[in-house]
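Asker: These are the residues of each chain, in order.
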Amino acid sequence: MTEEIIISGFGGQGVLSMGKILAYAGIMEDKHVSWMPAYGPEQRGGTANVTVIVSDEVVSSPIVSAYDTAIVLNQPSLEKFEPQVKPGGTIIYDGHSIIQPPKRDDINVYRIDAMEEAARTGNSKVFNMLVLGGFLKVRPIATVEDVVKGLHKALPERHHKLIPMNEEAIRRGMQIIQKMN
Amino acid sequence: MLTKEQLIVPENRIYGKPTLMNETPMHYCPGCSHGVVHKLVAEIIEEMGMEEDTIAICPVGCAVFAYRYVDVDWIEASHGRAPACASAIKRLWPNKLVFTYQGDGDMACIGTGETIHALNRGENIAMIFINNAIYGMTGGQMAPTTLMGMKTATCPYGRQADLHGYPLHITDLAVNLEGTCYVTRQAVNNVANIRKAKKAIRQAFENSLNKKGTSLVEIVSTCASGWKMTPEQANQWMVDNMFPYYPLGDLKNTVVKE
Amino acid sequence: MDNGQKDLVLLKGNEVIAKAAIRYGYDGFFGYPITPQSEVLETLAVDKPWETTGMVVLQAESELASINMLYGAGCTGKLVFTSSSSPGIALMQEGISYMAGNELPGVIVSVGRGGPGLGTIQPGQADYYQAVYGGGNGDYHTIVLAPNSVQEMSDCMGKAAELTFKWRMPVIVLSDGMLGQMMETVELPPYRPRRTEEEIGKLCPWATNGIGLKNRKYNFMSTLELDPAVMEERNQKMAAKYRQVEAEEVDYELYRVDDDTEYLIVAYGISSRISMKAIDLLQETGIKIGMLRPKTLWPFPNKIISQLSERIKSILCVEQCEGQMINDVRLATEGQATVFHSGRSGGMVSSPMEVVEDFKSMARERMSNNWPKGYWMK
Numbered sequence: 001m002t003e004e005i006i007i008s009g010f011g012g013q014g015v016l017s018m019g020k021i022l023a024y025a026g027i028m029e030d031k032h033v034s035w036m037p038a039y040g041p042e043q044r045g046g047t048a049n050v051t052v053i054v055s056d057e058v059v060s061s062p063i064v065s066a067y068d069t070a071i072v073l074n075q076p077s078l079e080k081f082e083p084q085v086k087p088g089g090t091i092i093y094d095g096h097s098i099i100q101p102p103k104r105d106d107i108n109v110y111r112i113d114a115m116e117e118a119a120r121t122g123n124s125k126v127f128n129m130l131v132l133g134g135f136l137k138v139r140p141i142a143t144v145e146d147v148v149k150g151l152h153k154a155l156p157e158r159h160h161k162l163i164p165m166n167e168e169a170i171r172r173g174m175q176i177i178q179k180m181n
Numbered sequence: 001m002l003t004k005e006q007l008i009v010p011e012n013r014i015y016g017k018p019t020l021m022n023e024t025p026m027h028y029c030p031g032c033s034h035g036v037v038h039k040l041v042a043e044i045i046e047e048m049g050m051e052e053d054t055i056a057i058c059p060v061g062c063a064v065f066a067y068r069y070v071d072v073d074w075i076e077a078s079h080g081r082a083p084a085c086a087s088a089i090k091r092l093w094p095n096k097l098v099f100t101y102q103g104d105g106d107m108a109c110i111g112t113g114e115t116i117h118a119l120n121r122g123e124n125i126a127m128i129f130i131n132n133a134i135y136g137m138t139g140g141q142m143a144p145t146t147l148m149g150m151k152t153a154t155c156p157y158g159r160q161a162d163l164h165g166y167p168l169h170i171t172d173l174a175v176n177l178e179g180t181c182y183v184t185r186q187a188v189n190n191v192a193n194i195r196k197a198k199k200a201i202r203q204a205f206e207n208s209l210n211k212k213g214t215s216l217v218e219i220v221s222t223c224a225s226g227w228k229m230t231p232e233q234a235n236q237w238m239v240d241n242m243f244p245y246y247p248l249g250d251l252k253n254t255v256v257k258e
Numbered sequence: 001m002d003n004g005q006k007d008l009v010l011l012k013g014n015e016v017i018a019k020a021a022i023r024y025g026y027d028g029f030f031g032y033p034i035t036p037q038s039e040v041l042e043t044l045a046v047d048k049p050w051e052t053t054g055m056v057v058l059q060a061e062s063e064l065a066s067i068n069m070l071y072g073a074g075c076t077g078k079l080v081f082t083s084s085s086s087p088g089i090a091l092m093q094e095g096i097s098y099m100a101g102n103e104l105p106g107v108i109v110s111v112g113r114g115g116p117g118l119g120t121i122q123p124g125q126a127d128y129y130q131a132v133y134g135g136g137n138g139d140y141h142t143i144v145l146a147p148n149s150v151q152e153m154s155d156c157m158g159k160a161a162e163l164t165f166k167w168r169m170p171v172i173v174l175s176d177g178m179l180g181q182m183m184e185t186v187e188l189p190p191y192r193p194r195r196t197e198e199e200i201g202k203l204c205p206w207a208t209n210g211i212g213l214k215n216r217k218y219n220f221m222s223t224l225e226l227d228p229a230v231m232e233e234r235n236q237k238m239a240a241k242y243r244q245v246e247a248e249e250v251d252y253e254l255y256r257v258d259d260d261t262e263y264l265i266v267a268y269g270i271s272s273r274i275s276m277k278a279i280d281l282l283q284e285t286g287i288k289i290g291m292l293r294p295k296t297l298w299p300f301p302n303k304i305i306s307q308l309s310e311r312i313k314s315i316l317c318v319e320q321c322e323g324q325m326i327n328d329v330r331l332a333t334e335g336q337a338t339v340f341h342s343g344r345s346g347g348m349v350s351s352p353m354e355v356v357e358d359f360k361s362m363a364r365e366r367m368s369n370n371w372p373k374g375y376w377m378k
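Chains as they are written, first to last, in the numbering used here: chain R, 1 to 181; chain L, 1 to 258; chain B, 1 to 378.
Derived from the structure by calculation, the hints contain no laboratory data. A hint or two may mislead.
As the list claims (entries may be wrong) - Result set (BS3-like, lysine-lysine): computed pairs, CA atoms no more than 25 Å apart in a straight line: (1) K217/B with K39/L; (2) K217/B with K202/B; (3) K217/B with K17/L; (4) K48/B with K153/R; (5) K17/L with K4/L; (6) K39/L with K214/B; (7) K17/L with K214/B; (8) K212/L with K48/B; (9) K86/R with K360/B; (10) K288/B with K303/B; (11) K48/B with K211/L; (12) K198/L with K214/B.
Here chain R stands alone, though its shape is the one from the complex (with noise of 0.2 Å):
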């Protein structure tokens, strides 16, 4: 099993730190990752972009390119990975954050209503939790449970106290992902 994700959107949307969880996952799954971020001098507001490879074998390059999955949360992120998900890959993105859905039927197509789902209960830094809940529901590469290991693996032991609340995010993005071709 090799998994080849890109996750994009703009930086402050927790991009990075879901790159990072989905990472330390893999690894409580006895898998290699690795963790790939475009970095440049943006910050939030900017563009943000990791790529994670979660494998049995070795991982051999850290880029790659064509995706497995591309999770994309901004419009500009969508066109820019959708024509390079790979044949037969998967494609999620957040229906807040898109006004132009994926277009291509060669690939499975979900919509995450995540952005919404953030606001309506009150609680936005769950965002990338939710999108990360879908993600699993559709390619279950971890279990909710390893995630949880790798939450705190993942997170300062001060914040320790958020990973129920991660937690339950993770199980609502579950629910609330929908296929839509």
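Using the hints, position chains L and B against chain R.
Answerer: Chains L and B in isolation, oriented as in the chain R frame:
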């Protein structure tokens, strides 16, 4: 009459070369201040019993060969970088006496950045600054501290503000930096001044050991060759021209004597 | 973490440089922030090793000061390192020459980005010449290690610490922005105590730290030698040492190379990772291609390249620049193979598919049987 052998006996001895100074003939020109300052440094290290706990850093410039004359461990830094070199060493060897010995070109021109930042960080080092207002080693070119109107090989018609800018008062700058604990300007042109200079260097060395911050001891010096004078003329020229511009005395001393 | 028996953590390459240095018993770090390696100093600042191992950490005023801090520390026999990126390493060249000239230990981590000049802050491998041939003056070499994973970033800090004292010469760990910024699992080394002053006294009798001065002649560090005959002697002594390093310290790795291998990729660092994927893709289509990855760039694995060149007639040199290591590869083939270039530059990084495409054009050239000896192309 007493013979030479009868006369030269330990009980008659009133002055001696410090044992840390070796027999290597000095390359300095007659009348140069470097030799006197070297001797003071050797005497003080010996008096403090710090031979095995001294790390000395010499510059590029006339004192580039300082390591040849005083028997302690020496490092010759690249041009201007002695303060950076000394900063690292003192932090890694906090109980050692660490000092730099630099000229005006090294300290106040090519190495100004390293000088200011070492002083400002309050590194527990002593810095001895030989200011003779000229580049001696390369043959008498303009220094950052060359006086206005003073002639050198690269300002042959005299230093002019519009062409060359003004002399840099790096010692005065050091006073305003929070990291410095002791800033003083001395000379070694007569016995009284040599004694004062020795006291100043000793205090700077003690400050390094006691971790009081950075000490800067400027020695206003002669360069008879560079100034194209006899040693005697050079001493007089220094008194008449350098001292009014670079007045001697303590500029800052925050260390309370215990 | 419970993951088999190993204590595996997920870290960025730059973070690993810092954490591994603390654990390998480094005495100090001196450096100046520059993208994409600032996490090295940031990690050290967070981990506060001065409170645990006693390691000194100082943010210098410039790279110029950093390298001269390294120089001073090396003179006294301490194990210290700095890290920087391309333009910062350029500023350090004078100091590296002084360190080499005085035969001093010191580790320099170079996290490359696109150049020249200020360039970009994106990953690059355009500093091969800078690291391997050096920009400092005079007859000198530095050992250059080339990690290709976050784990190897850690391992190289240990290896560099060993080699820099063994041979008394600066060691450069040549990485790039991608290895610095990416996270992978890493097993950090166990804590190794820093050397005591007594141990330094015994191990480094040449050092200028005053230890034992009363029972020896004073030590001094100077690169100035006005007598050219004496300077030549010093150079000849260093050259003899360099020949010994070349004989003993070459390190490389082969990937999918066997007796049937028809094509060879030579790549180091991040390019070797990208090439592994490209090789896997090509092997799936039945092409017999493997890779030689130099783990030391100086000394360079000339011998094995020469041996492989006897039977492999075309080599693709993959590097993220317009072609630097390719010249060393060509020299190493001794004219027995033709070497082609593949790679992006200026901060762009090849994808595995781009390497595959470059391979295909190389193969087409080979089929056409139409290339002059020593010809190389993009």
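Asker: Next, verify each hint and record whether it holds.
Answerer: We went through each hint and held it up to the structure:
no. : hint               : verdict
1   : K217/B with K39/L  : holds (19 Å)
2   : K217/B with K202/B : holds (15 Å)
3   : K217/B with K17/L  : holds (19 Å)
4   : K48/B with K153/R  : holds (21 Å)
5   : K17/L with K4/L    : holds (18 Å)
6   : K39/L with K214/B  : holds (19 Å)
7   : K17/L with K214/B  : holds (18 Å)
8   : K212/L with K48/B  : holds (23 Å)
9   : K86/R with K360/B  : holds (22 Å)
10  : K288/B with K303/B : holds (22 Å)
11  : K48/B with K211/L  : holds (21 Å)
12  : K198/L with K214/B : holds (24 Å)
Every hint from the earlier list agrees with this structure, and none is contradicted.
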